[in-house]
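Build the complex: two chains, separate frames, hints provided.
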Amino acid sequence: DTAVSQTPKYLVTQMGNDKSIKCEQNLGHDTMYWYKQDSKKFLKIMFSYNNKELIINETVPNRFSPKSPDKAHLNLHINSLELGDSAVYFCASSQVGSGSGNTIYFGEGSWLTVV
Amino acid sequence: AQTVTQSQPEMSVQEAETVTLSCTYDTSESDYYLFWYKQPPSRQMILVIRQEAYKQQNATENRFSVNFQKAAKSFSLKISDSQLGDAAMYFCAYRARDDKIIFGKGTRLHILP
Chain U
2 DTAVSQTPKY LVTQMGNDKS IKCEQNLGHD TMYWYKQDSK KFLKIMFSYN
52 NKELIINETV PNRFSPKSPD KAHLNLHINS LELGDSAVYF CASSQVGSGS
102 GNTIYFGEGS WLTVV
Chain C
366 AQTVTQSQPE MSVQEAETVT LSCTYDTSES DYYLFWYKQP PSRQMILVIR
416 QEAYKQQNAT ENRFSVNFQK AAKSFSLKIS DSQLGDAAMY FCAYRARDDK
466 IIFGKGTRLH ILP
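Each protein sequence line maps, in turn, to chains U and C. Quick note on numbering: the numbering used here labels position 49 of the first sequence as 50, and the sequence is numbered without any gaps. Quick note on numbering: the numbering used here labels position 32 of the second sequence as 397, and the sequence is numbered without any gaps.
So that you can see chain C by itself, here it is in the shape it has in the complex (with noise of 0.2 Å):
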């Protein structure tokens, strides 16, 4: 069964400072997608980028950006330029071709002034 890990429950970063968000996988399939949602404390579930498996290159969505190894089952998220409303817990999520995603336990970001 696949399954996500996200290893970090909670980080901080400075305002104005980079944060790299971790998340591995594991997937027999070669033909997946992979997501990053924000969940402010407002709860609803926002979309911040997405990656198909087949496209090599690394998603891009402004200040947020992610770091796509296949091989290593990795997918890691990058926030430039933090800001306070980016604080929120973000989930790594995997959509396999049968149509399930499947969320990580989620890793709260705080934004520190």
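One chain only, chain U, in its complex shape (with noise of 0.2 Å):
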């Protein structure tokens, strides 16, 4: 069973359309992440919500909606796609205070394209 699973793998989209990405995770974590990696690959953090509560909110257009309808669920709704809102979407997540670490786990990504 995979850890940490989104759906769907690939995206095309146009301009102006809304979207969603969906992730789960089965790993029993309390905290789920989602990071976004642009063309030049760099990772940034978008947001974190642990036990569905909210903890971090970078800076990010509301266009970004995330919804977390329980601690093994995270997804991710963008309304009013823009093109440079094409990336790869990874979510995330992990157990803090955990003996592994703290490591985070990553699902396989989500390529957005907006044409």
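Be aware that a few hints might be false.
[To be verified] Lysine to aspartate or glutamate pairs mimicking DMTMM-like chemistry, simulated, CA-CA at most 25 Å apart:
(1) Lys45(U) to Asp396(C)
(2) Lys470(C) to Glu59(U)
(3) Lys465(C) to Glu59(U)
(4) Lys37(U) to Glu375(C)
(5) Lys465(C) to Glu109(U)
(6) Lys465(C) to Asp86(U)
(7) Lys45(U) to Asp451(C)
(8) Lys37(U) to Asp391(C)
(9) Lys470(C) to Asp86(U)
[As the list claims (entries may be wrong)] Distance windows between CB atoms, simulated:
(10) Thr383(C) to Arg64(U): 43 to 51 Å
(11) Ser40(U) to Asp391(C): 21 to 29 Å
(12) Gln15(U) to Glu394(C): 43 to 51 Å
(13) Thr385(C) to Lys68(U): 30 to 38 Å
(14) Lys45(U) to Leu449(C): 24 to 32 Å
(15) Gly450(C) to Pro70(U): 33 to 41 Å
(16) Phe43(U) to Lys420(C): 22 to 30 Å
(17) Asn432(C) to Asn80(U): 44 to 52 Å
(18) Arg473(C) to Lys53(U): 32 to 40 Å
(19) Ser377(C) to Asn80(U): 40 to 48 Å
Since the hints were derived computationally from the structure, they do not count as laboratory data. Every value quoted in this text rests on a predicted model; they were computed, and no experiment measured them. Don't be surprised by glycine CBs; every beta carbon is placed ideally from N, CA and C.
Set out below in structure tokens:
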């Protein structure tokens, strides 16, 4: 079973559309994240949730709205997509204070292309 | 604010040789975690090795080892006996107590056959 799974893996959509990316983790972790990796491969955190509560909200346009229905799921909804939103979006999870050294485990990434 | 710097955008190494990727970071905290992640062309983020700042002993995972110099805020990755499958982007990462993990800009490693 995949520890952190996100869907869809590939998404091509037109400017102005609204789209969602879903993420689920089966590791029992209480913290989940969304990271964005742009064309220059730079990884930047967008959001962090702990037990369904928003912990980190970096400077991200409010067109991006995360939703955590429970601690195993963290979805990302994007309104009015723009060309600059094209990137790979990674979902990740971790358990703070665990014996695994607080390692963050990543999903396989969702490749979003806005045309 | 914490920062992570990888000063080598690209490196090349001959197969079977040893290569060291450098990473420095800036923090005022004493308790934190450091990681190296590998990202092959598939874009999957794969944990290579991790180090807890309170541990003086350098972490080792098979052919991968680190040289952790806490006072110098340096965390380099050594890959021994380089293999073609080691070709990837390598990201150094720092995890602060406030739970945010910060990545360097990455080093692209080429393995020459």
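We went through each hint and held it up to the structure:
1. Lys45(U) to Asp396(C): Within the cut-off at roughly 22 Å; holds.
2. Lys470(C) to Glu59(U): Since the Cα atoms of Lys470(C) and Glu59(U) sit roughly 18 Å apart, the hinted pair holds (cutoff 25 Å).
3. Lys465(C) to Glu59(U): 10 Å, holds
4. Lys37(U) to Glu375(C): 22 Å, holds
5. Lys465(C) to Glu109(U): Cα-Cα ~20 Å, so holds.
6. Lys465(C) to Asp86(U): 22 Å, holds
7. Lys45(U) to Asp451(C): With a Cα-Cα distance of about 24 Å, the restraint between Lys45(U) and Asp451(C) holds, given a limit of 25 Å.
8. Lys37(U) to Asp391(C): 22 Å, holds
9. Lys470(C) to Asp86(U): 19 Å, holds
10. Thr383(C) to Arg64(U): 43 to 51 Å: 47 Å, holds
11. Ser40(U) to Asp391(C): 21 to 29 Å: With a Cβ separation near 26 Å, Ser40(U) and Asp391(C) satisfy 21 to 29 Å, so the hint holds.
12. Gln15(U) to Glu394(C): 43 to 51 Å: The hinted range 43 to 51 Å holds for Gln15(U) and Glu394(C), with Cβ atoms some 45 Å apart.
13. Thr385(C) to Lys68(U): 30 to 38 Å: Hint violated: Cβ distance 43 Å, outside 30 to 38 Å.
14. Lys45(U) to Leu449(C): 24 to 32 Å: For Lys45(U) and Leu449(C) the Cβ distance comes to about 30 Å; the hint holds.
15. Gly450(C) to Pro70(U): 33 to 41 Å: Since Gly450(C) and Pro70(U) have Cβ atoms about 38 Å apart, the given range 33 to 41 Å holds.
16. Phe43(U) to Lys420(C): 22 to 30 Å: Holds, since Phe43(U) and Lys420(C) (Cβ atoms, about 29 Å apart) stay within the stated range.
17. Asn432(C) to Asn80(U): 44 to 52 Å: Given a distance of about 46 Å, which is inside 44 to 52 Å, the answer is holds.
18. Arg473(C) to Lys53(U): 32 to 40 Å: With Cβ atoms ~37 Å apart, the hint holds.
19. Ser377(C) to Asn80(U): 40 to 48 Å: About 43 Å separates the Cβ atoms of Ser377(C) and Asn80(U), which means 40 to 48 Å holds.
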